[in-house]
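Residues per chain are reported as follows:
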Amino acid sequence: MTKDLEKIRSGHKLLKEWDYQLKTVDKGYNMRTLYVNISDKTVKEKSVSEEMKMTFTGGKGFGMKLLWDGVTPETKWDDPENEICIAAGPIGGNTNYPGSGKSLVVSLSPLTGIPIDSNVGGYFGPYLKFAGFDAMEIQGKADKDVIIYIDGDNGKVQIIEAPFEAVDSHVIGEQILDLFAENEEDKMNISSVSAGTGSDNAWIGCLNFSFWDKRRKGVRFKQAGRGGIGTVFRNKRIKAVVVRFSGLNGASTHPADLATVQKIGLKLHKEIIALDDQQCRMRKVGTAHLSEIMDEYDLLPTLNYKYGSHKDAPNISSEVFYNEFLSKGKPDGCWYGCTMACAKVAEDFELKTGPYKGQKVLVDGPEYETIGGCGSNLGIFNARDVLEINFYCDTYGLDTISFGTMTAFIMECWENGILDKEKTGGLDFTWGNAKDTLELLHQISRGEGFGKIAGKGIRQMKNYFEKHFGADRKFMDDIGMEAKGLEYSEYVTKESLAMQGGYGLALKGPQHDEAWLIFMDMVQGLIPTFEDKAEALHYFPMFRTWFGLQGLCKLPWNDIEPADNAQTDEPAKVPEHVQNYVDLFNAITGQSINKEELILQSERVYNFQRVFNIRMGKGLREHDAIPYRSVGPVTVEEYESRVERYDKQLKEKAGIDPAGLSTEEKVKALRKFREDQYEQLIDAVYKRRGWTNNGVPTLEHLKKLGIAFDEVTAVVKKHL
Amino acid sequence: MAKYLKTYPEKCTGCGICMDVCSETFFKEKNPLKSAIKIEPQEGSFLMTVCNQTCRLCVDECPVQALTINPAGVVLLNKNKCIGCLACVSVCPINAMMWYEGAHSPFKCIACGKCADVCPSQALEIVEEG
Numbered sequence: 003m004t005k006d007l008e009k010i011r012s013g014h015k016l017l018k019e020w021d022y023q024l025k026t027v028d029k030g031y032n033m034r035t036l037y038v039n040i041s042d043k044t045v046k047e048k049s050v051s052e053e054m055k056m057t058f059t060g061g062k063g064f065g066m067k068l069l070w071d072g073v074t075p076e077t078k079w080d081d082p083e084n085e086i087c088i089a090a091g092p093i094g095g096n097t098n099y100p101g102s103g104k105s106l107v108v109s110l111s112p113l114t115g116i117p118i119d120s121n122v123g124g125y126f127g128p129y130l131k132f133a134g135f136d137a138m139e140i141q142g143k144a145d146k147d148v149i150i151y152i153d154g155d156n157g158k159v160q161i162i163e164a165p166f167e168a169v170d171s172h173v174i175g176e177q178i179l180d181l182f183a184e185n186e187e188d189k190m191n192i193s194s195v196s197a198g199t200g201s202d203n204a205w206i207g208c209l210n211f212s213f214w215d216k217r218r219k220g221v222r223f224k225q226a227g228r229g230g231i232g233t234v235f236r237n238k239r240i241k242a243v244v245v246r247f248s249g250l251n252g253a254s255t256h257p258a259d260l261a262t263v264q265k266i267g268l269k270l271h272k273e274i275i276a277l278d279d280q281q282c283r284m285r286k287v288g289t290a291h292l293s294e295i296m297d298e299y300d301l302l303p304t305l306n307y308k309y310g311s312h313k314d315a316p317n318i319s320s321e322v323f324y325n326e327f328l329s330k331g332k333p334d335g336c337w338y339g340c341t342m343a344c345a346k347v348a349e350d351f352e353l354k355t356g357p358y359k360g361q362k363v364l365v366d367g368p369e370y371e372t373i374g375g376c377g378s379n380l381g382i383f384n385a386r387d388v389l390e391i392n393f394y395c396d397t398y399g400l401d402t403i404s405f406g407t408m409t410a411f412i413m414e415c416w417e418n419g420i421l422d423k424e425k426t427g428g429l430d431f432t433w434g435n436a437k438d439t440l441e442l443l444h445q446i447s448r449g450e451g452f453g454k455i456a457g458k459g460i461r462q463m464k465n466y467f468e469k470h471f472g473a474d475r476k477f478m479d480d481i482g483m484e485a486k487g488l489e490y491s492e493y494v495t496k497e498s499l500a501m502q503g504g505y506g507l508a509l510k511g512p513q514h515d516e517a518w519l520i521f522m523d524m525v526q527g528l529i530p531t532f533e534d535k536a537e538a539l540h541y542f543p544m545f546r547t548w549f550g551l552q553g554l555c556k557l558p559w560n561d562i563e564p565a566d567n568a569q570t571d572e573p574a575k576v577p578e579h580v581q582n583y584v585d586l587f588n589a590i591t592g593q594s595i596n597k598e599e600l601i602l603q604s605e606r607v608y609n610f611q612r613v614f615n616i617r618m619g620k621g622l623r624e625h626d627a628i629p630y631r632s633v634g635p636v637t638v639e640e641y642e643s644r645v646e647r648y649d650k651q652l653k654e655k656a657g658i659d660p661a662g663l664s665t666e667e668k669v670k671a672l673r674k675f676r677e678d679q680y681e682q683l684i685d686a687v688y689k690r691r692g693w694t695n696n697g698v699p700t701l702e703h704l705k706k707l708g709i710a711f712d713e714v715t716a717v718v719k720k721h722l
Numbered sequence: 022m023a024k025y026l027k028t029y030p031e032k033c034t035g036c037g038i039c040m041d042v043c044s045e046t047f048f049k050e051k052n053p054l055k056s057a058i059k060i061e062p063q064e065g066s067f068l069m070t071v072c073n074q075t076c077r078l079c080v081d082e083c084p085v086q087a088l089t090i091n092p093a094g095v096v097l098l099n100k101n102k103c104i105g106c107l108a109c110v111s112v113c114p115i116n117a118m119m120w121y122e123g124a125h126s127p128f129k130c131i132a133c134g135k136c137a138d139v140c141p142s143q144a145l146e147i148v149e150e151g
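Which chain is which? The protein sequence lines are A and B, in order. FYI, in the working numbering the residues of the first sequence are 3 to 722. FYI, in the working numbering the residues of the second sequence are 22 to 151.
By construction, these hints were calculated from the structure, which means they are not laboratory data. Fair warning: this is a prediction, and the values are worked out from it, not measured in the lab. Don't take every hint at face value.
[Said to hold, decoys possible] Keeping only pairs whose Cα atoms sit at most 30 Å apart, straight-line, the calculated BS3-like set for lysine-lysine is:
{"id": "1", "chain 1": "B", "residue 1": "Lys-59", "chain 2": "A", "residue 2": "Lys-330"}
{"id": "2", "chain 1": "B", "residue 1": "Lys-24", "chain 2": "A", "residue 2": "Lys-216"}
{"id": "3", "chain 1": "A", "residue 1": "Lys-332", "chain 2": "B", "residue 2": "Lys-102"}
{"id": "4", "chain 1": "A", "residue 1": "Lys-556", "chain 2": "A", "residue 2": "Lys-674"}
{"id": "5", "chain 1": "B", "residue 1": "Lys-135", "chain 2": "A", "residue 2": "Lys-655"}
{"id": "6", "chain 1": "B", "residue 1": "Lys-32", "chain 2": "A", "residue 2": "Lys-265"}
{"id": "7", "chain 1": "A", "residue 1": "Lys-272", "chain 2": "B", "residue 2": "Lys-27"}
{"id": "8", "chain 1": "A", "residue 1": "Lys-29", "chain 2": "B", "residue 2": "Lys-102"}
{"id": "9", "chain 1": "A", "residue 1": "Lys-332", "chain 2": "B", "residue 2": "Lys-49"}
{"id": "10", "chain 1": "B", "residue 1": "Lys-55", "chain 2": "A", "residue 2": "Lys-29"}
{"id": "11", "chain 1": "B", "residue 1": "Lys-55", "chain 2": "A", "residue 2": "Lys-330"}
{"id": "12", "chain 1": "A", "residue 1": "Lys-269", "chain 2": "B", "residue 2": "Lys-32"}
{"id": "13", "chain 1": "A", "residue 1": "Lys-265", "chain 2": "B", "residue 2": "Lys-55"}
{"id": "14", "chain 1": "A", "residue 1": "Lys-55", "chain 2": "A", "residue 2": "Lys-269"}
{"id": "15", "chain 1": "A", "residue 1": "Lys-650", "chain 2": "A", "residue 2": "Lys-620"}
{"id": "16", "chain 1": "A", "residue 1": "Lys-29", "chain 2": "A", "residue 2": "Lys-650"}
{"id": "17", "chain 1": "A", "residue 1": "Lys-286", "chain 2": "B", "residue 2": "Lys-100"}
{"id": "18", "chain 1": "A", "residue 1": "Lys-362", "chain 2": "B", "residue 2": "Lys-135"}
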């Protein structure tokens, strides 16, 4: 190792060094951001104005504002002026309230061409903040591979040419610690962002944010998965961004009222310790507990979202992962002080394929989305296979959600004869073929064969298959689970109209972080009318956007609930926790917002992002269209698998008597009904959000929110 | 090896001298909020809350390994490593990890025995087992 390190160090060439004045955070803010241009090696700080703070709040809000200023309507994802912005938020980095260590990453996505935002754990965002910056933006493109190093102890930023470091995250993650940490104890003060060789070749690249696991003495990662930011990162020829900060303590955010921050945090800690075992078991199994719940409610995506459950689903349940693979009895927070501790890990997992075959590694996860995407959706019901796919996606810098959903699409194309061995270069994509799924991953890493085509995602594959294989476009549009160019995350939405909207209207593309309304809508029947659904599709996306403004994780909001939550007026909102957030924000920043102003903070950024989408050519009604697979049964086989349910709906909801109709006719009739419902839902949501019937925020609405800046109104005026 | 402060609630008179001695030793003031042992009246007797050094859930929970077990079996907090998250306070099943509002770190009994030395009713005793 020492010899390797010497070689790696010998390749380092300092391209730029910039000194800055250290200062402490004040009430959650530094009031400055860091700008790094790796083309011309400019490094500078930008001050944050009071207006920027009050308009964009922080986190993703700052990221969106900086990205808007950095790009033009013509900018493509691989142009040098595209940026990667990383920010915590004012609450980010406190060690008292569970889930306070998130970084928000923003960039123009290769998959969608519009802004993508990703919420990720690990230590980077908080350390960046304590190093002195509320956000950093990286612009330009390097000629050769580089590392950007931010030394928050000594006030230095360096751009270093780095030819000999590895690209895959589990290797470079360790190398970075050996290079930049002074000793074993110092490793906790270093965090890196890296991608992987898959990000070099695919458009579904993700970023790995590191954290040092003191107990297991290994580097761990959380992924900024969605939208291909890892691809942008490697296209810029960045191998890693590294930050150092020592001296973290409970008051590092310098809150206005530390005692209140501590009291609210302690209250939630106690709630989690007392109730988590009876509720979601996040401390034990993490988000994996969802796989059996989703299977039970017919919501677990199976065989490319055709179905919502499977007889073999128990083989990939949380109990199997827990009993056979996950390490037990050690805290698993991805940031300090998170007692929800859901960042699970399999230790000493021996790889059976690929370039690291035989190595024993740490596999972070599996998260529910990975189990759904890389397990049931592919017909893979073997927990070990899911973990191996999980590991390679992570280290290659590939998003497990996009990889799972796009491979499910490939498998259904295979089933329907669109693909065969000749077209895939010998790979067999029969449902459940884990071996060739892994080989596809390795091809993506090597930039070879069918992997090169597949790695660009479903939208590009549809174009390619139509052009080169003469595939039926309409069928592929129906079954290809993407919207705006982004692959769906892992829930079956056929029986929840509100959730169809939750995905279709999500600004970045179909990710569930804006709204998860399936139980409210489908199981509990709490939002029966279009207006009810529209209200939910206003409130929840706005409320959830707020986590991204603050550097917060969503999970401690409603994956743990107070014991008396069910007796409150609006249990779905978890009112006591909403109040916690209001109090926490005020205690850290010294401001005095209420819960309505909390929503207003989000609404400003949310509408700004919608206008940003329009500015980039993809923010109108036509772009909120969704594939029919997410709305209803595409095929006869699908319809017949739940024939009683669909017949009943035809009769009771659409007023059509199914008797005497062929299944083809019934599929068609149900489709007409459901597609019309989706359009009516969109009408209602746009109205509730203050948008025109074409999905454009009105001038009055922008004025009311205080974001009617000239360049914002100039974008919408063209569409009013 | 486990060294700990054993309590005899049936002997306790609730005089509170132990809390005075404890807070004076570690915080230089007489303040029951700053004592690692708490004596509270409950239904005709007294609840004596202090770490028994045995369950060690706090040691497992601490994200920075600021809590360790010394050779005598006593759980100690290294304040230089502590990041003030208070997870240990929440995980303690007997509420023996102490904290007062505004304190950067929690604190706990280290079985020093000063309170046992002054207890007028022999309700406290340092015990070594194993």
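For the pair supplied as a hint, A/Lys-332 and B/Lys-102, is the alpha-carbon distance within the 30 Å limit? holds, 18 Å
Starting from B/Lys-55, check that the Cα of A/Lys-29 is at most 30 Å away, please. holds, 27 Å
Would you check the hint for A/Lys-29 and A/Lys-650, treating anything up to 30 Å between C-alpha atoms as holding? Violated: A/Lys-29 and A/Lys-650 sit about 57 Å apart, past 30 Å.
With a cut-off of 30 Å on the C-alpha distance, tell me whether B/Lys-55 and A/Lys-330 pass. Violated - the C-alpha atoms of A/Lys-330 and B/Lys-55 are around 35 Å apart, more than 30 Å.
Proposed proximity, A/Lys-269 with A/Lys-55 (alpha carbon, max 30 Å): holds, 29 Å
Checking one constraint from the list: CA of A/Lys-29 to CA of B/Lys-102, max 30 Å. Satisfied? Judged against 30 Å, a Cα distance of about 23 Å means the pair holds.
Decide if the proposed pair is consistent with the structure: A/Lys-332 and B/Lys-49, CA atoms, cutoff 30 Å inclusive. violated, 36 Å
Do the alpha carbons of A/Lys-286 and B/Lys-100 lie within 30 Å of each other, as the hint requires? holds, 28 Å
Does A/Lys-655 sit within 30 Å of B/Lys-135, going by the straight-line distance between their CA atoms? Violated, because 77 Å separates the two Cα atoms, which is more than 30 Å.
Hinted pair, alpha-carbon criterion (30 Å max): B/Lys-59, A/Lys-330. Please report holds or violated. violated, 33 Å
For the pair we were handed, B/Lys-32 and A/Lys-265, check the Cα-Cα distance against 30 Å. violated, 34 Å
For the pair supplied as a hint, B/Lys-24 and A/Lys-216, is the alpha-carbon distance within the 30 Å limit? holds, 27 Å
In summary, the numbered hints that this structure violates are 1, 4, 5, 6, 9, 11, 12, 15, 16 and 18.
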